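Participant: Each chain, letter by letter, is given below.
There are 2 protein chains.
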Amino acid sequence: MNKKDKKYLENYSIHDFDIPLTSVDMVIFAMINAKLNVLLVERVEAPQQGMLALPGGFIDLQKDEDITATAYRKLYEKTAIKSPYLEQVETIGNKSRDIRGWSVTVLYYALINVDKIKQQKSQNSVWMPVEQALKIPLAFDHIELIEKAQNRLREKTLYTALPVELMPELFTLTELQTVFETILAKKLPIKSFRRRILNANILHATDKSKLSGKRHAQLFKSTGIDREYYFPRTLVL
Amino acid sequence: MNKKDKKYLENYSIHDFDIPLTSVDMVIFAMINAKLNVLLVERVEAPQQGMLALPGGFIDLQKDEDITATAYRKLYEKTAIKSPYLEQVETIGNKSRDIRGWSVTVLYYALINVDKIKQQKSQNSVWMPVEQALKIPLAFDHIELIEKAQNRLREKTLYTALPVELMPELFTLTELQTVFETILAKKLPIKSFRRRILNANILHATDKSKLSGKRHAQLFKSTGIDREYYFPRTLVL
DNA sequence: GTAATAGTGTCTTTGAGACACTATCCC
DNA sequence: GGGATAGTGTCTCAAAGACACTATTAC
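If you read the protein sequences in the order shown, they are chains C and E. Residue numbers for the first sequence follow the numbering used here, so the first one is 2 and each next one is one higher. Residue numbers for the second sequence follow the numbering used here, so the first one is 2 and each next one is one higher.
Be aware that one or more of the hints could be misleading.
Stretch-level coverage of chain E by chain C, calculated; a stretch enters the list once three of its residues show a Cβ under 8 Å from a Cβ in chain C [stated by the list, open to error]:
#1 20-31
#2 52-62
#3 99-105
#4 133-144
Keeping only pairs whose Cα atoms sit at most 27 Å apart, straight-line, the calculated DSSO-like set for lysine-lysine is [stated by the list, open to error]:
#5 C:LYS149 with E:LYS188
#6 E:LYS64 with C:LYS96
#7 E:LYS157 with E:LYS136
#8 E:LYS96 with C:LYS96
#9 E:LYS96 with C:LYS83
#10 C:LYS157 with C:LYS192
#11 E:LYS157 with C:LYS157
#12 C:LYS222 with C:LYS36
#13 C:LYS222 with C:LYS188
#14 E:LYS36 with E:LYS211
#15 C:LYS187 with E:LYS83
#16 E:LYS149 with C:LYS64
#17 C:LYS157 with E:LYS149
#18 E:LYS192 with E:LYS215
#19 E:LYS64 with C:LYS149
#20 E:LYS192 with E:LYS157
#21 C:LYS188 with C:LYS149
#22 E:LYS96 with C:LYS64
#23 E:LYS187 with E:LYS215
#24 E:LYS149 with E:LYS187
#25 C:LYS211 with C:LYS222
#26 C:LYS36 with C:LYS149
#27 E:LYS211 with E:LYS187
#28 E:LYS157 with C:LYS149
#29 E:LYS188 with E:LYS83
#30 E:LYS187 with C:LYS157
#31 C:LYS96 with E:LYS83
#32 E:LYS222 with E:LYS188
#33 C:LYS157 with C:LYS64
#34 C:LYS188 with C:LYS157
#35 E:LYS222 with E:LYS209
#36 E:LYS83 with E:LYS117
Residues from chain C shown here face chain E by an in silico Cβ test under 8 Å; the list is partial [what the hints assert, rightly or not]:
#37 ASP19
#38 PRO21
#39 ILE33
#40 PHE59
Calculated directly from the structure, the hints in this document are not laboratory data. Everything numeric in this text was worked out from a predicted model, so none of it was measured. The C-beta atom is built at its ideal place from N, Cα and C for all residues, glycine as well.
Modelling step: build the complete structure from the supplied sequences, incorporating the hints.
Facilitator: Structure representation (structure tokens):
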């Protein structure tokens, strides 16, 4: 820091500026009962007290190193999960979204392995199918935020293997396909799907199998690299 | 607004919270002399007075309806251009990027038609090749911000026709290809490129042509729909 | 004519989609 | 054997890449 900056800082106060309220909101997805679910919490304080809302809140200027840390902290507070897939979607800011005035929120979404949601320490939080969440009144503009996160997930499902992040430790290709189909709201051809996934080399075949009615299905597990994998071609909706 | 919220607001002050400084930064790209250039401005006030920086600044809580409006306003102030291609890249926030303390910036990039940059009212602003801008010291973390915007542009150039936004009113396919190649830092096969662009149906062939040395080249113009167009396949770097 | 730039013909390759087919299991 | 679920064989099609080729102009 140079001398001029030092001098400037001595006379600086953040309260000299009119600044907006800045927060982080999280859309946390998990597959429950073959449906894409989102985690909602009941607001315990005004404004919008009592309404369901996305988990989120303000940056802790002492504890949080950066804004991603804020997102991870919020996620951990609600789910006790440390390192899920987390991605920033978009930042929304305007005059009208919060009654307190000009407000900015940095929107993230996370994909949670369904195995882990049982260990959650949720008190006043509730999992709800996305479909349903979009129909009930939510606090602020949170309906819109869920739609934005869902659209991002949908788009990325067309050319990445991200939905693997929603799977339990072991899963069959048919189960994985069902998750893809749920996100895309569209049936996919079996043969193409298997070829696509298997050629990608992002799964590890196990010698275990699962019986879900009739013929045994082979169980696979994630190698963890699905986060970086891009299919050579995009599916078309 | 309900009664509880009204009461809450009466006792509310934004200064009750420790909040970060939130700003908007712009990476404005244009093609100049066959190079990708970025617009920089000299900082006239502390902190970092005298250094080159990205155009940007704070949200005007009175004037700006939403954060996109802030981005357009900043852009207009520096270039007098009203509606270029504008896209939000990412929001960066941490303790260390600004000496004033915890600071958040919403990063946008814009693509400017080279025809229009002559009408600019820039006083203390300067166009500089991206290459060069990344090598000199810039204010705050602006080197990193330019890299993020450049990466986004590069990625999108692999599967969209966005570079058309950088072209003048009339241009040849060879010129367009050169712009793609500059952004990607990679030669592209002529035949594939032309087929790809022409099949996309995003350009309008004119009956004019241009002589740049030897054989005349046909001139095309944008239909404006390149912003929404996605090629059926992604190029591989 | 030659050099230089613009533009085409056409073969190969890759991976998605269609769809009929086979395999394995329980009853 | 029948029904249900898992999984394969193989053809077609679209678009990218390779590369040799032709076209048009200035000189």
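Participant: Now tell me, hint by hint, if it's right for this structure.
Facilitator: Consistency of the hints with the structure:
{"no.": "1", "hint": "20-31", "verdict": "holds (count 4)"}
{"no.": "2", "hint": "52-62", "verdict": "holds (count 3)"}
{"no.": "3", "hint": "99-105", "verdict": "holds (count 5)"}
{"no.": "4", "hint": "133-144", "verdict": "violated (count 0)"}
{"no.": "5", "hint": "C:LYS149 with E:LYS188", "verdict": "violated (36 Å)"}
{"no.": "6", "hint": "E:LYS64 with C:LYS96", "verdict": "holds (10 Å)"}
{"no.": "7", "hint": "E:LYS157 with E:LYS136", "verdict": "holds (24 Å)"}
{"no.": "8", "hint": "E:LYS96 with C:LYS96", "verdict": "holds (26 Å)"}
{"no.": "9", "hint": "E:LYS96 with C:LYS83", "verdict": "holds (22 Å)"}
{"no.": "10", "hint": "C:LYS157 with C:LYS192", "verdict": "holds (21 Å)"}
{"no.": "11", "hint": "E:LYS157 with C:LYS157", "verdict": "holds (14 Å)"}
{"no.": "12", "hint": "C:LYS222 with C:LYS36", "verdict": "holds (21 Å)"}
{"no.": "13", "hint": "C:LYS222 with C:LYS188", "verdict": "holds (23 Å)"}
{"no.": "14", "hint": "E:LYS36 with E:LYS211", "verdict": "holds (21 Å)"}
{"no.": "15", "hint": "C:LYS187 with E:LYS83", "verdict": "violated (40 Å)"}
{"no.": "16", "hint": "E:LYS149 with C:LYS64", "verdict": "holds (26 Å)"}
{"no.": "17", "hint": "C:LYS157 with E:LYS149", "verdict": "holds (19 Å)"}
{"no.": "18", "hint": "E:LYS192 with E:LYS215", "verdict": "holds (19 Å)"}
{"no.": "19", "hint": "E:LYS64 with C:LYS149", "verdict": "holds (26 Å)"}
{"no.": "20", "hint": "E:LYS192 with E:LYS157", "verdict": "holds (21 Å)"}
{"no.": "21", "hint": "C:LYS188 with C:LYS149", "verdict": "holds (22 Å)"}
{"no.": "22", "hint": "E:LYS96 with C:LYS64", "verdict": "holds (10 Å)"}
{"no.": "23", "hint": "E:LYS187 with E:LYS215", "verdict": "holds (25 Å)"}
{"no.": "24", "hint": "E:LYS149 with E:LYS187", "verdict": "holds (19 Å)"}
{"no.": "25", "hint": "C:LYS211 with C:LYS222", "verdict": "holds (13 Å)"}
{"no.": "26", "hint": "C:LYS36 with C:LYS149", "verdict": "holds (18 Å)"}
{"no.": "27", "hint": "E:LYS211 with E:LYS187", "verdict": "holds (25 Å)"}
{"no.": "28", "hint": "E:LYS157 with C:LYS149", "verdict": "holds (19 Å)"}
{"no.": "29", "hint": "E:LYS188 with E:LYS83", "verdict": "violated (33 Å)"}
{"no.": "30", "hint": "E:LYS187 with C:LYS157", "verdict": "holds (26 Å)"}
{"no.": "31", "hint": "C:LYS96 with E:LYS83", "verdict": "holds (22 Å)"}
{"no.": "32", "hint": "E:LYS222 with E:LYS188", "verdict": "holds (23 Å)"}
{"no.": "33", "hint": "C:LYS157 with C:LYS64", "verdict": "violated (32 Å)"}
{"no.": "34", "hint": "C:LYS188 with C:LYS157", "verdict": "holds (17 Å)"}
{"no.": "35", "hint": "E:LYS222 with E:LYS209", "verdict": "holds (10 Å)"}
{"no.": "36", "hint": "E:LYS83 with E:LYS117", "verdict": "holds (10 Å)"}
{"no.": "37", "hint": "ASP19", "verdict": "holds (5 Å)"}
{"no.": "38", "hint": "PRO21", "verdict": "holds (6 Å)"}
{"no.": "39", "hint": "ILE33", "verdict": "violated (30 Å)"}
{"no.": "40", "hint": "PHE59", "verdict": "holds (6 Å)"}
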